[in-house]
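Residue-level listing of the chains:
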Amino acid sequence: MSRFPRWVYEHGSEPDPRFSLANERTFLAWSRTALALIAAGVALEALAMPLEPALRAVAAALLLVLGAVLPLLSWWDWGRAERAMRVGAPLPSSHVRLPLAVGTSLVSVLVLLGLLLR
Amino acid sequence: MSGDLFDAGLQPERTRLAWRRTTLTLLVGAVASTRLLAPLLGGWALLVGSAGVVASLLLWRGATRRGRAVDRALEAGRPLPSPAPALLGVAVATVVAGVVGALVVVGGVTLL
Numbered sequence: 001m002s003r004f005p006r007w008v009y010e011h012g013s014e015p016d017p018r019f020s021l022a023n024e025r026t027f028l029a030w031s032r033t034a035l036a037l038i039a040a041g042v043a044l045e046a047l048a049m050p051l052e053p054a055l056r057a058v059a060a061a062l063l064l065v066l067g068a069v070l071p072l073l074s075w076w077d078w079g080r081a082e083r084a085m086r087v088g089a090p091l092p093s094s095h096v097r098l099p100l101a102v103g104t105s106l107v108s109v110l111v112l113l114g115l116l117l118r
Numbered sequence: 001m002s003g004d005l006f007d008a009g010l011q012p013e014r015t016r017l018a019w020r021r022t023t024l025t026l027l028v029g030a031v032a033s034t035r036l037l038a039p040l041l042g043g044w045a046l047l048v049g050s051a052g053v054v055a056s057l058l059l060w061r062g063a064t065r066r067g068r069a070v071d072r073a074l075e076a077g078r079p080l081p082s083p084a085p086a087l088l089g090v091a092v093a094t095v096v097a098g099v100v101g102a103l104v105v106v107g108g109v110t111l112l
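Just so you know, the sequences run in chain order A and B.
For the first sequence, my numbering begins at 1 and goes up steadily by one.
For the second sequence, my numbering begins at 1 and goes up steadily by one.
The set of hints was computed from the structure by calculation and includes no laboratory data.
Each residue gets a CB set at the ideal place from its N, CA and C atoms; glycine is no exception.
Any given hint could turn out to be false.
These stretches of chain A come out as covered by chain B in the derived footprint (C-beta under 8 Å, 3 or more residues) [stated by the list, open to error]:
hint, stretch
1, 30 to 41
2, 67 to 77
3, 100 to 114
Every beta carbon over 12 Å from chain B, so not counted as near; a handful from chain A, in silico [claimed, not checked]:
hint, residue
4, SER2
5, ALA84
6, ARG97
7, ARG118
Partner residues are not named here, just some residues of chain A that face chain B (Cβ under 7 Å, in silico) [as the list claims (entries may be wrong)]:
hint, residue
8, PHE4
9, TRP7
10, LEU64
So that you can see chain B by itself, here it is in the shape it has in the complex (with noise of 0.2 Å):
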């Protein structure tokens, strides 16, 4: 019943990399974010950075959970589960990166 309605390997599939790709990009702006902050920061920066890591793993541990209640959830033809706080968790940590870049910025932190 559950191949009848729609490709189930395709969509969850797509969604599942999207979410991939969304949780590599905040990995890689957190570690990132390490090098920008240290001239401001000093050895804080690896704490500041180290949590960004960390909730970056977390997240991409919650959407790959997510990922398989969704296919649960499609098998059994039951209402998919909101994705409302995966999405939100995503949004604060996208904030959060724009207030880390404005404070590089505002710190005049250069690379060169």
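Isolated chain A (complex conformation) (with noise of 0.2 Å):
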């Protein structure tokens, strides 16, 4: 049987469908966290909040580009899960996670200074 993707599928056996679904329901919970930022990053502009206008940019820009890359990650973490799930090795730690919490935390930091230095 040949399912998509090939550098998944064609290793291993079939694990415990239960864990096939919530590495499923991870990669869509990803997604949705991705489009929390873009709105999030369109929303600082659109509703032009008042904040120092450059760092304001920043906070958008760098919102806007975590967000479209989220999907990218979380995909590539989902077939490297299916894969491990599927030949019995230990879940590979995420790739999602690092980038997440230290691009989160400098926008926070970019949105503090820009409510400080008005």
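Taking the hints as your guide, dock the two standalone chains into a single complex.
Written out as structure tokens, the structure is:
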């Protein structure tokens, strides 16, 4: 059987379907997170939040970049996790968490500075 | 037999709901993008927004069909169909949402 993508399904055997479904839900949760980040980036500018303009622009850009990149990272995470479950290997560490944590912390700092330097 | 290994009523149901949450979020975003793109694109914003709505509805429909396929596979003890095409659809839609968002921001759209 050749399910897409092959780099996932050509290895190993069927895991417990509960784990596959959980993996699927994880990807969808990250996608919703990405959409929320994009919405936040748009809101900062479109609602003209009262922040120092340059810092606000950088924060918005960072949110949008995070939101656009997150689906790609979580797609990769999904595939690696599914493959690991198929071959009985430990789940690989997520590529999403560090960029997301660093990015959102950075946005918070920019917004705080933007509020203080209005 | 299908009831033994897993609680069939919970995992697939939760997955269906996760799909609904996600496609609904995309749908709302597509509708909102019409309003946000209007100052930049004029009447074309309606076209872009409608395309987004159609894409979201297609993803919704794909998710519903996949939910049924998962149920059938679980009942028959067959391997689950790959979610990857549908997940890829969501990934592409999200990236497009990011591009639209960038357009709105770069275009200097303000709603106030």
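Comparing the hints with the structure gives:
no.	hint	result
1	30 to 41	holds (count 7)
2	67 to 77	holds (count 7)
3	100 to 114	violated (count 0)
4	SER2	violated (10 Å)
5	ALA84	holds (15 Å)
6	ARG97	holds (18 Å)
7	ARG118	holds (16 Å)
8	PHE4	holds (5 Å)
9	TRP7	violated (10 Å)
10	LEU64	holds (5 Å)
Going down the numbered hints, you'll see the structure goes against 3, 4 and 9, while the others check out.
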